[in-house]
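**Student:** Protein sequences, first through last, are from chains A and B.
Numbering-wise (numbering that gives the first Met the number 0), the first sequence opens with residue 0 and increments by one.
Numbering-wise (numbering that gives the first Met the number 0), the second sequence opens with residue 0 and increments by one.
Hints in this document: simulated from the structure, not taken from any laboratory.
For every residue, glycine included, the Cβ atom is placed at its ideal position computed from N, Cα and C.
Mixed in with the good hints, there may be bad ones.
Claimed, not checked - Estimated spans, in silico, between C-beta atoms of each pair: (1) B:R11 x A:W396: 27 to 33 Å; (2) B:L16 x A:A239: 17 to 23 Å; (3) A:S367 x B:F25: 48 to 54 Å; (4) B:F25 x A:G541: 19 to 25 Å; (5) B:S22 x A:K336: 26 to 32 Å.
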Amino acid sequence: MDLKILTYLVVGATFALYIGIAIWARAATTKEFYVAGTGVHPIANGMATAADWMSAASFISMAGLIAFLGYDASVYLMGWTGGYVLLALLLAPYLRKFGKFTVSEFIGERYYSKAARMVAVICLIVASITYVIGQMKGVGVAFGRFLEVDYHTGIGVGMAIVFIYAVMGGMKGITYTQIAQYCVLIFAYTVPAVFIALNLTGNPIPQIGLGSSMADGSGMALLDKLDMIVTDLGFAAFTAQKWSTLNMVLLTLSLMIGTAGLPHVIMRFFTVPKVADARTSAGWALVFIAILYTTAPAVGAMARLNLMETIQSGPVGSADGNMVYEQRPSWFRNWEKTGLLKFEDKNGDGRVQYYNDKNEEFATKAASFGWKGNEMVKVDRDIMVLANPEIANLPNWVIALVAAGGLAAALSTAAGLLLAISTAISHDVIKGMISPDISEKKELLASRLAMAGAILVAGYLGMNPPGFAAQVVALAFGLAASSIFPALMMGIFNKNMDNIGAIVGMLTGLLSTLLYIFWFKGWFFIPGTEMAANTPDNWFMGISPEAFGAVGAMLNFASAYVVSKITPPPPEHIQHLVEDIRVPMGAAKAQADH
Amino acid sequence: MSEQNNRQEYWRANLKLVAFCLSIWFVVSFLFGIILVDQLNAISLGGYRLGFWFAQQGSIYTFVVLILFYANRIGKIDKKFNVHEE
Numbered sequence: 000m001d002l003k004i005l006t007y008l009v010v011g012a013t014f015a016l017y018i019g020i021a022i023w024a025r026a027a028t029t030k031e032f033y034v035a036g037t038g039v040h041p042i043a044n045g046m047a048t049a050a051d052w053m054s055a056a057s058f059i060s061m062a063g064l065i066a067f068l069g070y071d072a073s074v075y076l077m078g079w080t081g082g083y084v085l086l087a088l089l090l091a092p093y094l095r096k097f098g099k100f101t102v103s104e105f106i107g108e109r110y111y112s113k114a115a116r117m118v119a120v121i122c123l124i125v126a127s128i129t130y131v132i133g134q135m136k137g138v139g140v141a142f143g144r145f146l147e148v149d150y151h152t153g154i155g156v157g158m159a160i161v162f163i164y165a166v167m168g169g170m171k172g173i174t175y176t177q178i179a180q181y182c183v184l185i186f187a188y189t190v191p192a193v194f195i196a197l198n199l200t201g202n203p204i205p206q207i208g209l210g211s212s213m214a215d216g217s218g219m220a221l222l223d224k225l226d227m228i229v230t231d232l233g234f235a236a237f238t239a240q241k242w243s244t245l246n247m248v249l250l251t252l253s254l255m256i257g258t259a260g261l262p263h264v265i266m267r268f269f270t271v272p273k274v275a276d277a278r279t280s281a282g283w284a285l286v287f288i289a290i291l292y293t294t295a296p297a298v299g300a301m302a303r304l305n306l307m308e309t310i311q312s313g314p315v316g317s318a319d320g321n322m323v324y325e326q327r328p329s330w331f332r333n334w335e336k337t338g339l340l341k342f343e344d345k346n347g348d349g350r351v352q353y354y355n356d357k358n359e360e361f362a363t364k365a366a367s368f369g370w371k372g373n374e375m376v377k378v379d380r381d382i383m384v385l386a387n388p389e390i391a392n393l394p395n396w397v398i399a400l401v402a403a404g405g406l407a408a409a410l411s412t413a414a415g416l417l418l419a420i421s422t423a424i425s426h427d428v429i430k431g432m433i434s435p436d437i438s439e440k441k442e443l444l445a446s447r448l449a450m451a452g453a454i455l456v457a458g459y460l461g462m463n464p465p466g467f468a469a470q471v472v473a474l475a476f477g478l479a480a481s482s483i484f485p486a487l488m489m490g491i492f493n494k495n496m497d498n499i500g501a502i503v504g505m506l507t508g509l510l511s512t513l514l515y516i517f518w519f520k521g522w523f524f525i526p527g528t529e530m531a532a533n534t535p536d537n538w539f540m541g542i543s544p545e546a547f548g549a550v551g552a553m554l555n556f557a558s559a560y561v562v563s564k565i566t567p568p569p570p571e572h573i574q575h576l577v578e579d580i581r582v583p584m585g586a587a588k589a590q591a592d593h
Numbered sequence: 000m001s002e003q004n005n006r007q008e009y010w011r012a013n014l015k016l017v018a019f020c021l022s023i024w025f026v027v028s029f030l031f032g033i034i035l036v037d038q039l040n041a042i043s044l045g046g047y048r049l050g051f052w053f054a055q056q057g058s059i060y061t062f063v064v065l066i067l068f069y070a071n072r073i074g075k076i077d078k079k080f081n082v083h084e085e
């Protein structure tokens with residue numbers, strides 16, 4: 000069957016499934032809308048959390064990052080999974096015991112301060128909106144490449160689908176849809192990986208295949224072979240470390256505490272019936288996430304190997320060692336059309352030379368072969384996962400499945416973020432600050448309207464992405480790491496932390512991180528306003544702006560601690576509240592109070 | 000008074016368990032995956048070098064086991080101190 004028709008069928012079937020679930024799981028009360036009536040089984044919640052968490056970036060971009068960064072990309076793998084350990088051990092069970100709807104509500108009540116709640120709401124909305132732009136872009140790209148529809152139409156269709164199930168079902172609808180989306184995306188991710196691992200190593204399990212020897216009879220380990228191929232062309236070895244150790248440690252830590260502090264992830268743990276369930280649910284979430292995250296390194300390494308071997312098909316430097324451009328495979332042609340892959344025949348020999356011309360030693364050697372510079376002038380990292388099934392010559396239905404998987408990943412994350420935004424507006428701003436006496440029915444209406452509004456804003460920003468869209472993801476993690484995580488952790492583990500200490504801490508963490516990011520990336524990301532070039536020599540102790548969230552968090556902890564020592568301790572009822580959330584007993588009661 | 004004491008004892012037991020789990024969390028990721036990666040890469044695990052394996056595979060498996068281990072242990076401690084949910 001024609002690939003395009005097949006893709007329409009597969010994507011259409013998944014969309015019909017999501018809408019069917021939305022009709023079945025409508026929300027009737029605010030409790031169902033915000034926290035799915037706290038009746039979600041921990042394994043189901045774990046699966047929904049995994050879909051919520053794994054975004055278009057995880058599905059599409061991560062393996063590409065690994066393919067080109069090699070070992071250094073480990074920071075993303077460890078950072079985005081290790082955060083769940085912090086979440087399960089330090090935050091989720093206690094926040095579930097507290098038994099309210101939002102993260103900002105906890106901060107507002109624990110620090111008996113509307114100002115603290117306001118700071119938290121602002122961080123939450125900024126972090127969520129920046130994140131959702133990326134998802135909308137992912138939807139547009141996936142539609143554009145596979146269904147050959149216009150980018151804007153693609154985003155429009157995506158918005159309509161999210162609108163139907165998120166506005167109707169709230170958290171309840173989103174949770175059950177996310178479970179379906181998880182199944183689609185994990186199947187779409189692992190099937191091509193299994194085929195490719197089998198092709199290259201004879202072992203169908205990608206995680207084991209990556210550590211096996213090649214099936215080409217050389218008996219060489221796959222990773223050693225990859226190291227050899229890339230270093231032969233002047234690139235750094237795949238398994239070698241390129242970044243400084245300090246920067247790797249801090250970036251990993253920033254991503255971990257940022258993950259644990261992202262409100263749309265924390266919110267998920269309010270949906271389970273018991274405190275004990277919040278703990279196991281985090282474990283289940285990580286099980287489901289780990290299936291993709293441990294497959295990704297295999298996908299990245301194997302895609303790089305296939306790509307290099309396709310282009311450099313013979314010995315380096317021999318006359319016919321390089322692919323003839325006119326004989327390029329069809330995936331090469333397809334991706335050239337999108338502009339994400341670009342070739343320039345610099346030496347006019349009709350063959351493709353792909354090597355590192357920035358490596359002076361190798362460039363001299365290359366010149367002696369008659370090579371005049373790297374001819375693959377653009378190889379976009381993001382195409383690795385999407386082009387993978389085509390590179391490996393897999394059947395059309397696998398390619399159609401990957402399209403549906405990419406859309407599932409983007410839509411599920413977008414829905415979770417939109418819910419976090421609309422809850423913040425209807426529950427924290429409208430009910431919490433503007434009109435506390437609002438009726439249940441009106442609040443539900445308000446949250447539906449806020450959701451609809453958030454979808455329109457997200458769609459608009461997705462269609463007209465601000466130039467800095469890619470940079471702001473670092474901002475989202477920086478904000479969550481430096482402001483939200485420390486405030487939550489101290490609220491639980493330090494009984495004497497008071498309102499002034501917490502607010503000073505949040506502002507110190509937030510402002511220092513923002514300052515550091517803007518210093519190197521321009522004020523509010525406006526090009527030309529950087530105070531110093533964004534290069535390792537200029538960075539403070541070699542710490543990149545993306546890695547500064549961990550430093551901001553430390554400043555937050557330190558300043559909050561000092562201020563809390565010289566200001567009056569929190570009132571007695573707050574100290575009792577902290578004592579109460581530390582024990583699981585009585586969770587049902589806490590929940591009935593709101 | 001005894002209720003108060005019991006809760007404090009429970010909290011101390013919990014903190015000890017959390018500290019234990021977080022030290023393993025630190026060792027497998029930051030220590031084995033980043034700081035000692037070169038030393039561990041001298042050892043191979045099939046086609047993997049050990050440091051690289053910890054950074055891209057082993058740390059993630061350990062995180063999963065760690066959370067489930069914590070959930071199980073703290074569940075038993077909840078019962079021991081009689082602070083569990085009904």
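**Student:** Next, verify each hint and record whether it holds.
**Tutor:** These are the hints, each one checked on the structure:
At about 57 Å, the beta-carbon gap between R11 (chain B) and W396 (chain A) misses the expected band of 27 to 33 Å. The hint said 17 to 23 Å for the Cβ distance between L16 (chain B) and A239 (chain A), and at roughly 38 Å that hint is violated. Taken as a hint, the range 48 to 54 Å holds for the pair S367 (chain A) and F25 (chain B), whose Cβ atoms sit roughly 49 Å apart. Our hint of 19 to 25 Å for F25 (chain B) and G541 (chain A) holds, since their Cβ atoms are close to 21 Å apart.
With their beta carbons about 52 Å apart, S22 (chain B) and K336 (chain A) fall outside the hinted range of 26 to 32 Å.
The structure does not agree with the numbered hints 1, 2, 5 stated previously, though it agrees with the rest.
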